[in-house]
Amino acid sequence: MKKIAGLLLTVLLAVGMARAQVSIDCHLAPGWEAAGPVRQYSAENLYDYKDGAADGYLSYGFARMSTIDCKSGGDTLTIDLSEMNDADAAYGLFTANRDAKLPIAPIGMGGQIQPQSAIFAKGKYYVEIAEVAATPEADHSALMQAFAAGIAQRLPGRESAPEALQWFPNENLDSIRLIPESVLGLRLLKRGYVAKYKQGQAFVVLESAPESAAEVMKKLRERFDGSTPAQIGDEAFQAKAQYLDGICVFRKGRFLAGYANLPDAQQAATLAAKLAARIP
Amino acid sequence: MSSNTSRREFLSNGLSAGLALPVLGATSAMALEPQSAKPAAPAKLDYRILGRTGLKVTTVGMGCMITSDPSVITRAADMGVNYFDTARGYQQGNNERMVAAALGARRKQVIISTKSHAPNKEELHKHLETSLRELNTDYIDIWYLHGKGSPDEIADDLIEVQQKAKQQGKIRFTGVSTHSGQQNLLPWMAKKGVFDVVLTGYNFTMGDDMDKAIETAAHAGLGVVAMKVMAGGTRRMKPDDPAYKKLTQEGAMLAALKWVIKKPNIATTIPSITDMDQLDENLKAMAVPFSAGDEKILSAHLESIRPLYCRMCGECDGACQKGLPVADMLRFLTYADGYGQFALGRERFLELSAEHKAVRCGDCAECTVKCPHGVHVQNRMARAQELFA
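Those sequence lines, one after another, are chains W and Z. In terms of numbering that gives the first Met the number 0, the numbers along the first sequence are unbroken and rise by one, the last being 279. In terms of numbering that gives the first Met the number 0, the numbers along the second sequence are unbroken and rise by one, the last being 388.
It should be emphasised that the hints constitute simulated quantities derived from the structure, not laboratory data. Just so it is clear, CB atoms sit at the ideal spot from N, CA and C, and this is done for glycine as well. A hint or two may mislead.
[Stated by the list, open to error] Covered, in the sense of this in silico footprint (three residues per stretch, anywhere, with C-beta under 8 Å from a C-beta of chain Z), are these stretches of chain W:
#1 62-74
#2 93-101
#3 181-192
Next comes chain W alone, as it looks inside the complex:
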């Protein structure tokens, strides 16, 4: 009995410590102080803080947010620490918010530092830092880097990006995003990664099992009039559609993947075959 109680206490302490680790404050750079208490938001009241943007957080799998305002002289900044349902959701939200024109900085699973803002994801946490500087054009990148690195150091969890990102070919790649629902604007394709290329886009949708993936594939094919079979993965088809142009979709096990928005279906099929070879 004592052993069980001891074990329970250990677990509770571990949970408590994990919670303590994710606390946020402003003492991450000299001269910065809190301008108010830490505020907490859940899915129920995130609208109070983020207005319409709350839907974006919720769609990725939002659990809770802690936020604090910091002040130094005439400069203020706000830190939003979002706890997501899992690391993929945190990384997904980062991909939705990153500027595709800027490089990814090595903070946690990935981050971006700008003159007056920073974002990054680490483990199941997604962090946004936004400054309102007394001098609007001031470059405070170093300060943003210091805050981001300081917070990242306190956060537990994964520092590597999701494995699926490695499956997309790098050549002519612009950006990769996790789409939380309706990949390619189609409700059938529930959740997956979309890679934008100089021309066209590739996608990988993660179904729970090969059987459900096959069912989705069947329904998907019915939506594309005039589609023709293709020899990729377990099953595939290619088609030409008004908004998705040349498209090829294949199923490989529980994954549905392919290319869209290419000039013709054959080109989409050629690239899809290369993508299929990279998916385990």
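With chain W held as given, fit chain Z onto it using these hints.
Here is chain Z on its own, set in the frame of chain W:
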């Protein structure tokens, strides 16, 4: 139901007549096959004039905040939807970029609104220039000050930036978006005379006070755009929430949208549209009028929240043995639970007298307040005290 029916009348009608009516199933019977892979057929469209702007807008517009792919926006424009809403703050600017990519070739045929939550004029000016660049346009049709809850939040220098931008032709019309405090804010905007449009949360769960605020704004010439028309949707609900099942049943969201667009003071709506399927579904709101079937769906939802929702009938005035203003306190709770405006609810609660704030309804052996509409008063009051005190 006439379009002038108040929410209170609707509620009482819906809870009685609505429950007695058979389900017409009109919406599901008329469901269209998703056409994502096929050319977009022009939808049956319904237009209104957006207040003093004179803009002719489709009554169903498009909130682009969580749209999953630019092709959905392009298709909406091809189908005739002409009002598209985004914001500087959505996805750190990526949403404006998506809207630009989707509507580029159609820019002159559509109305684009964006918003800025910048706290001062320098930031606001910077946001405008960034929005123009990211939207790849020379002008923004409607530029909102984002998420304002009271006149105090709208400083004169923010208005000056809007007016100057309008004179310079960088924006065509000025606006304010609001999720709370509409009862004060909208009449203030109506009197102020410097705004052209208001974007406000509005849906079938809201009370007569909201209808009055909107009427004041519309009569003063403000164009009224409604958001949160699906009562906040189901994203923030847990599947065991009693309202979740109701709002996820077939036709519920469409019924909620149709309820809003039948209101003559609302010029357009901006439901968030994620995908092609939802686009097709929402466009039906312009083709098929609000029906008894829709009323039944919404009244079923309201029935599910009946124990929670105060109708402000006043029957409980003076009934509390501790002298609590029951209806007021239930209204504060509705701000938090119904409209998602916890801060507003708490603010109002804290304005109560110290004596009233100290009361804990759980301490009473029996509640002397008996709601004729079935609201579980003691439980709800206890929740308000737990939440706000």
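Chain Z covers the region 93-101 of chain W, three or more CB atoms within 8 Å, holds or violated: holds (count 5)
Claimed coverage, the region 62-74 of chain W by chain Z - three or more beta carbons nearer than 8 Å: violated (count 0)
Coverage criterion applied to the region 181-192 of chain W (partner chain Z; beta-carbon cut 8 Å; 3 residues): holds (count 6)
When the structure is compared with the earlier hints, a violation turns up for hint 1 alone.
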